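Line by line, the protein sequences are chains L and F. Our numbering numbers the first residue of the first sequence as 1 and each following residue consecutively. Our numbering numbers the first residue of the second sequence as 1 and each following residue consecutively.
Take the hints with a grain of salt, since some may be wrong.
[What the hints assert, rightly or not] Straight-line C-alpha distance at most 27 Å; calculated BS3-like pairs for lysine-lysine:
(1) L:K186 - L:K101
(2) L:K160 - F:K50
(3) F:K193 - L:K160
[As the list claims (entries may be wrong)] Taking CB as the label site, the calculated pair distances span:
(4) L:F446 - F:S196: 38 to 46 Å
(5) F:I230 - L:P465: 31 to 39 Å
(6) L:R500 - F:P65: 47 to 55 Å
(7) L:V502 - F:K16: 23 to 31 Å
These aren't lab readings, by the way, just hints derived from the structure by calculation. Just so you know, these numbers come straight off a predicted model, no measurement behind them. Virtual Cβ for every residue (Gly too), placed ideally from N, Cα, C.
In case you want the letters, here they are:
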Amino acid sequence: MEYDVVIVGGGPAGLSAAIRLKQQDAGIRVCVLEKGSEIGAHILSGAVVDPRALDELIPDWRERDCPLAAVPVTDNRHWFLTKNGKFSVPHWLTPGWMHNKGTYTGSLGNLCRWLAAQAEELGVEIFPGFAAAEMLYDEHGAVRGVATGDMGVGRDGQPKDDYQPGMELHARYTLFAEGARGHLTKQVIAHHALDAASQPQVYGLGLKELWDIAPHKHQPGLVIHTQGWPLSDAYGGGFLYHQADGQVALGFVVGLGYRNPHLSPFGEFQRWKQHPEIRRCLEGGKRISYGARVINEGGWQSVPKLTFPGGALVGCAAGFVNVPRIKGSHTAMKSGMLAAEAAAAALSAGRGGDALDGYEAALRSSWVAKELRMVRNVQPLIARFGAILGTALAGVEMWMRTLGMGLPYTLAHHSDRGLSRKDAARPITYPAPDGVISFDRLSSVFVSNTNHEEDQPVHLHLADPALPIDRNLPLYGEPARLYCPAGVYEVTGQEEGDPRFVINPQNCLHCKTCDIKDPAANITWVTPEGGGGPNYPNM
Amino acid sequence: MKILVPVKRVIDYNAKPRLKPDGSGVDLSNVKMSLNPFDEIAVEEAVRLKEKGVAAEVIVLSVGPAKAVEVLRTALAMGADRAIHVQSDEAVEPLAVAKILKAVAGEEQPGLIILGKQAIDDDCNQTGQMLAGLMGRPQGTFASQVVVDGDSVLVTREIDGGLETVKLALPAIVTTDLRLNEPRYASLPNIMKAKSKPLATRTPADLGVDVTPRLATVKVAEPPVRGAGIKVADADALAAKLKDMGVA
Ligand SMILES: Cc1cc2nc3c(=O)[nH]c(=O)nc-3n(C[C@H](O)[C@H](O)[C@H](O)COP(=O)(O)OP(=O)(O)OC[C@H]3O[C@@H](n4cnc5c(N)ncnc54)[C@H](O)[C@@H]3O)c2cc1C
Ligand SMILES: Cc1cc2nc3c(=O)[nH]c(=O)nc-3n(C[C@H](O)[C@H](O)[C@H](O)COP(=O)(O)OP(=O)(O)OC[C@H]3O[C@@H](n4cnc5c(N)ncnc54)[C@H](O)[C@@H]3O)c2cc1C
Ligand code: SF4
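For reference, chain L alone in the conformation it holds in the complex (with noise of 0.2 Å):
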């Protein structure tokens, strides 16, 4: 099928793009592609969102019922915890620019909804339940669209008798946005080399839940974000934002940069939770969701070079994530509308198959450029201020990947592969969940709703399917086991002295901790068939 732009993800950044094109010229032909069953199936966020750009590109959204309306953030607090209390971090400390002035609090998947529902207003094409699998190139070397994957395949790679082959979407530009670690884009960046001069990206795992919580507690527009314990062999925090409905959403962000293989980003989250402060607001509600995704923590100077022959790279495919505000939405629809605009003029000037030089321009002197580039400077200039300022140095640090962020000139990021020897480390151990306030994995992907296939080709490669229990089990105790936020892997027969290591593709919440993670780069998530992962409600 012949399209002049094709949008690979439909979340925020896909989104946005695709309504700036029809409103540029209702005449291109847009169409989306997204894996998630339905649009918003896929989306893990807070949120807080900033209306920056959707300002910018629906200007009267308050008027038409969009969802996002409905929480504006009333109350914004930063807590530092010890093991049994707080410290709450004054608004006077905090720069000005993290008080969360003007936001609104709500689900980012349902944003995504409406966003969605505009667009096929306007006329775009969106396709849920089709993954982009692979990309197409013309005979110079320019993206030329990308292939849907098979559906129908069984495990054994053999059609099955509802086999129904990919269908090839040709673009004149191609739009990634797949969000953190995309299975195309990280094709792409390596293919053209997007990440020459860029520092490497690096990563956390946010791990989310959203409870009904007792009615009395319940402060609509109040949010929360903590430092500090229970983390301390990792970067991180949590976040706790009261929202639409009686609802809570709370979750909690681990950088990927731990060297501790014991550490279980999963078993840090559910002792939080635990911790009075937390607990307190959870007691007497039900959970009733929970999900995990990964987060970009590069900051400015992991950005790639966002453009080559025939597409471009939008959102946090290339990762605009505003680090010690943990806000990357309005930037991912800032970036989709810009690459939009560019590929509307490059449209109408009759061109294709080229980059799209205008949008990289664009961008670098749009006000993403200028939030992330201030962001640097903010730890100097905070650390300037001395020791009273200690703990709001700290509030904005959790959120920061490295010192050497905002420094005049960039240290680099370590890959967030190397770990500790399991011996060289620290062991942890975590307490049993309670049921109540904690769970276990298995009954937390059960809420996720997620659902695969079955019958299916596994959608988690291992290069070297011997490594981990050659190597990863004993150098590291294989981490997956525990960094994997849905249980997917697990070492069995290790009583019997036969470790086996299993994987259970069909409980994977598509978060990409893996692809990241392994310490040999062992793991490649590839799409697996469309409409397959978790089912998301209001996430």
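Using the hints, position chain F with the ligands against chain L.
For chain F with the ligands alone, coordinates are given in the frame of chain L:
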């Protein structure tokens, strides 16, 4: 011959239902909805009959709110020819759905009406049977095979202890069981084509049907929480446990 396939928009089978705090029903806000799986099987069967040349046209119909159009589009993408949306924002009980179907069947004169055996939301298992009663036409329920033979249809039914085959004179009502077929994936080109297939909007009132509920829900409650299970080492241990429990 025309085939009419009624399709219902229901909570997705992957979604974990939650109750409304007041126990009046299932909370459907923010929950994924999709085409009832048994209806998907019904659409597939109708489309296959059309592909075999047995049927000339497949009409899908859904009674429900504006969003019911989404499941109609899904059915059209699978190969149905046109759709009828009977708009109703209130929940419509099986008897009222059957009356609506009877009214539409009066206009369309289908040779076969293929329904799902039940909708996975309320598990009523009533609409097909009620429709057959109201229309005074034969029914073949829980079908695992459907073969049209001249002016009759052979329906193989899954019953306790085996299979039963019944022969029904057309027009007839069939309800589908799980093993009737494996529904196809809608392809991208067919999803696109579905967007321009005809879709008519009706209301229960213009079909002369009163959909006022006749049932009152007393209470909806969650099943009791299951106790923790135990792990047994091997089959012998399992057998011993079962004996202890007096099960075996
Ligand atoms: C725990 C957590 C909390 C956060 N909190 C906030 C916050 O409070 N405020 C904020 O602004 N930001 C927050 N963020 C960041 C924000 O969620 C992201 O910046 C934003 O979602 C990026 O948007 P995107 O469109 O680039 O990518 P995504 O939102 O990741 O969307 C990508 C979409 O593309 C689809 N896709 C991917 N690959 C394919 C493929 N090959 N084929 C088809 N479809 C594909 C995915 O299924 C997905 O729907 C948070 C992130 C996390 C993880
Ligand atoms: C929408 C839908 C509707 C359906 N409706 C019907 C219907 O109306 N009628 C019908 O017949 N089928 C129906 N099915 C299909 C039916 O649910 C499944 O085919 C059936 O449950 C499969 O059971 P199983 O015993 O083969 O396997 P499993 O589902 O794998 O196992 C069933 C149970 O066995 C126990 N078990 C498994 N392994 C162990 C172990 N190692 N130790 C101890 N216990 C264990 C567990 O308690 C488990 O719950 C439906 C399916 C769907 C998706
Ligand atoms: S298998 Fe990989 S992508 Fe899937 S949930 Fe586990 S870590 Fe995340």
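Structure-based check of all given hints:
no. : hint                        : in the structure
1   : L:K186 - L:K101             : 35 Å, violated
2   : L:K160 - F:K50              : 22 Å, holds
3   : F:K193 - L:K160             : 25 Å, holds
4   : L:F446 - F:S196: 38 to 46 Å : 40 Å, holds
5   : F:I230 - L:P465: 31 to 39 Å : 34 Å, holds
6   : L:R500 - F:P65: 47 to 55 Å  : 50 Å, holds
7   : L:V502 - F:K16: 23 to 31 Å  : 25 Å, holds
Taken one by one, the earlier hints fail for this structure only at number 1.
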